[in-house]
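Asker: We have chain A already, so just place chains E and G on it with the hints.
Respectively, the protein sequence lines represent chains A, E and G.
The first sequence begins at 1 in my numbering and counts up one residue at a time.
The second sequence begins at 325 in my numbering and counts up one residue at a time.
The third sequence begins at 829 in my numbering and counts up one residue at a time.
Hint data in this document are derived by calculation from the structure and do not stem from the laboratory.
Don't be surprised by glycine CBs; every beta carbon is placed ideally from N, CA and C.
Just to be clear, a hint being listed does not mean it is correct.
[Stated by the list, open to error] Short derived list, chain A residues pointing at chain E, Cβ under 10 angstroms:
#1 Q105
#2 A183
#3 K188
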Amino acid sequence: MKKLIATLAISVLASTITWSAAGADENYPERPVSVMVSYGAGGATDFQARIVTMVAGNEEYLGQPIVIINKPGAGGRVGWNWFASNADPDGYTLAAYNVPHFIAQSIKGGVKYSVDSFEPIANWGSDPAVVVVSKDSQFNSMKDLLDHAKANPGKVTMSGAGLFVGHHIAALQIGKASGAKLAYIPTKGGGAAAMKAVIAGDVMAGINNLSDAYRARQSGNVKILGVADLERNTEFLPDVPTLKEQGLDVDNSSVNFRGLMVPKGTPKAIIDKLAASVPEMFANKRVAKQMNAGGSPMKIIGRDEVKKMWAARQASLTELLKGL
Amino acid sequence: MEFLSYFGGVFEPVALLLLIGGTMGGLILGATPGLSPTMAVALLIPFTFHLSPTQGLILLGAAYTSTVAGGAVTAILLKIPGAPANIATALDGNKMAKQGHGARALHLSFLASGFGGVIGVLILIFLTPILAVWALAFGPSHLFWMAILGVTVIGSLDSKSFVKGLLSGCIGLWLSMIGYDDIQGAQRFIFADALTGGINIIAALIGLFAIPQVLEMIAKGRFAASVEAITVPKQRIMDSFRELTQNIRSLSIGTVVGSIVGLIPGVGGQIAGLVAYDQARKFSPHRDKFGTGHPEGVIAAESANNAMVGPSLVPLLTLSIPGSPTAAVLLGGLLINGIFPGSDLFENHPQVAWTFINSMLVGQILMVIFGIYTAAWAARIARVPTPIMAAAVLVLAVFGSYSVQQSMGDVYVMLALGVGMFFLERFGFSAAPLVLGLILGPIAEANFIQGSMIADAQSGPWQYFLTGTLNLFLVALVVLSVAYSFRSNKARNPATKPSRGVAT
Amino acid sequence: MISSRSQHLIPASAIFAVSAVVAWLSFTQEPADAFLFPRVISVFFLGLAGWNFTRAALGLARVGDGVPRRVLKNIAPGLSVMLIFVFFLAGGLGFYVGSALAFAAIYTLYDPAPVSDLRAWRKRIVVTVLFMTVIYGLFALLLKVQTPRGFFF
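Just chain A, with the same shape it has in the complex (with noise of 0.2 angstroms):
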């Protein structure tokens, strides 16, 4: 017994003497990566996340696992709040991102992040915000809505996901481009929560994520109205038009983008290691199975696309949220 405590002690000596010697950046990563994830555990970000990540530990990728922190709160604000002001730019500790929302929050102010705060690895994801109402209503296309909106201006009523978010800036471009006063309802819990105010008819319709919202039309609770995309979603929804198609000016503006970033500081050998597997890992086949499985539409990008893709929704919202 006293033998095994003493092989035990001495084990985790030499461990920790390995650990704080190695400086080197061309060991990394020599221990388990962790990811945080700004939003609940179960959420959509927080389970593709889970997903993308899960083959990290093979050797052609990452060789250690990658571990899932969820910081939840205030529509992500507390999560990449820490991660801009605590997280240690060593190449151990990523996060999600989710844009539009980081960069529509930075730009309406009262966080410490910006889009210079944090330096983009890859893109996995892309999840256009969809209009939804539930199964028995009137409304059977984006002509309804608005035509019932124009009518009784502010009582329409609409959830979505949070203030500042992908389906709040959805809203506002609806909102701008039909003239239409909508009201819209933030909802605490994320997609899944206003999903429910949709399908409960506590709420008139609903924007939410168009793998959520493809889910619940797939267990017949709710009829998809429109797609806010450039482009029709071929794989899951091929029969529902975009909003454009339907004669409103909106764009991919509010399109959720998901990917992994590091803070700014981080070592630029770590980084380059990283964005040249973490693309890679995306792509693997398994990876790409249980996404799909999922109905989770994925976009996987580089980091240089990223960075342009960053600066341009950067221009964008703030000419969006001007008036606000």
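Answerer: For chains E and G alone, coordinates are given in the frame of chain A:
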């Protein structure tokens, strides 16, 4: 009776092994401070990647049921509830342990959990189609009133003084508002950097219960090691069983309350135990004994928090809406395997759905068996000398609160709240109403704000919050509950208020 | 020894002061929308705290044991260990080393065996190492929690 034909799947070797492993692991994880059922289930998701959908769900279901019950072990022996669901168990359970009835309290808690749990799953099996509609009936206004109903329980919960109970609740409500507000994103009461993320409920729970325990242990000084050590004498299981059957009233109150609270999406199982405890006391002829180590308190609380498990899955399995954080994680577990809960589940994957539900039924029974065994080990835990126990609980509290979100800020908050609570407890305040305030604050606020926004767009707040049968029913319950609290408060302190008459 | 009534006044006035600050903040901070609920709560909070303060001042409702000097004296070393552990050791030396030191310190401080007893020291070290091994196994290996690594780990 369709479910009976799928029992075979539960007893396949791999499935059974997973069920046993999941149950035992769940009990241990549940007893670890900081690991709530939600976290335990989330931690297991990666394991399910390597299993078939049915097997994965069996593992998750077993872990869910047993973590809820496992939290009772530390609640009873150390007065440290493993999860918010076990707070009410600690109130009487720990007193029982201190009086030398630790094994009895553990037996009763597991038997009651098992009973409540089985009924809960049976409700899930037989009443799902009817209840699904019911679960949707609760809109923001109703949830707001539900939360207010919970607040009215605060004053009478585990308090020697009515005012101090309410005041503790108010402190909890205030603490719950620290941090970014969830809807507007405005910063509120952030005095220190550690508070930016708000007060995490699990970290707060650990601090409020575990740290005062550590301080109480060391307050006796260094030479008192064995003076008040808890003894856990052997208890015959048949005696415990008989005792349970003698307490049908609290057992059924717990089961019914737990099932109802579990059904309502958004309220969650966190308050099922506390509400059931309160109801059982109101209906009990021995209501003065509650809080002094009365078995009815343990039975009501534990039957409620496991009865909640089955019904909490009704909205998930039928409408694909997760009604609680844990259900949300289970949803992820289903989706990863390409299974969409909802009508699709029972039509196209009956094998998966029914095997999952059946495994929860078998899991409840396994949980009781393993739980009873832990009662035997508990004797050993209780024999640990006080200084080691104090040091161990402190280190566990620090690790537990850190690992919730891997944040040092949570550890600071945990310790600060804990030290504060120790001093407050010595002046007659108590932790249970404070935690209840902390849990209910955000539910009440979010639904109030959301309800008022909907009301503004439609008919105005008065009509929205105060019309409709369900609203009026809940308001009536709130009024009754307040009236009851005032009356029993007067009955307890007849000297302070001699006037009778209007009891609002 | 402070009298029981004045001792009860200390928490009562502290809570009253907190409630006053909360109320003041709730009614002055912007945006008003986000402080609607805090305002409602703070009114109740202030009222109850005031009531409680009055009762304490009148010497009513003295429930609880208070904090006798003996208790303060007993908890003072342990409480200091806790604070030093959480605020300095855990981050500075690393979570595991800090925890081991705090564990050993609390154990030693409150162990009835005399400080000079060698056998007791051996037991203390063995128990500490064993306990920390279990903790390491549970949190680092099983749950893969990444703890702050200070000077050691």
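Asker: Does each hint hold? Answer for all of them.
Answerer: Status of each hint after checking the structure:
1. Q105: holds (7 angstroms)
2. A183: holds (4 angstroms)
3. K188: holds (4 angstroms)
Checked against the numbered hints given earlier, the structure satisfies every one of them.
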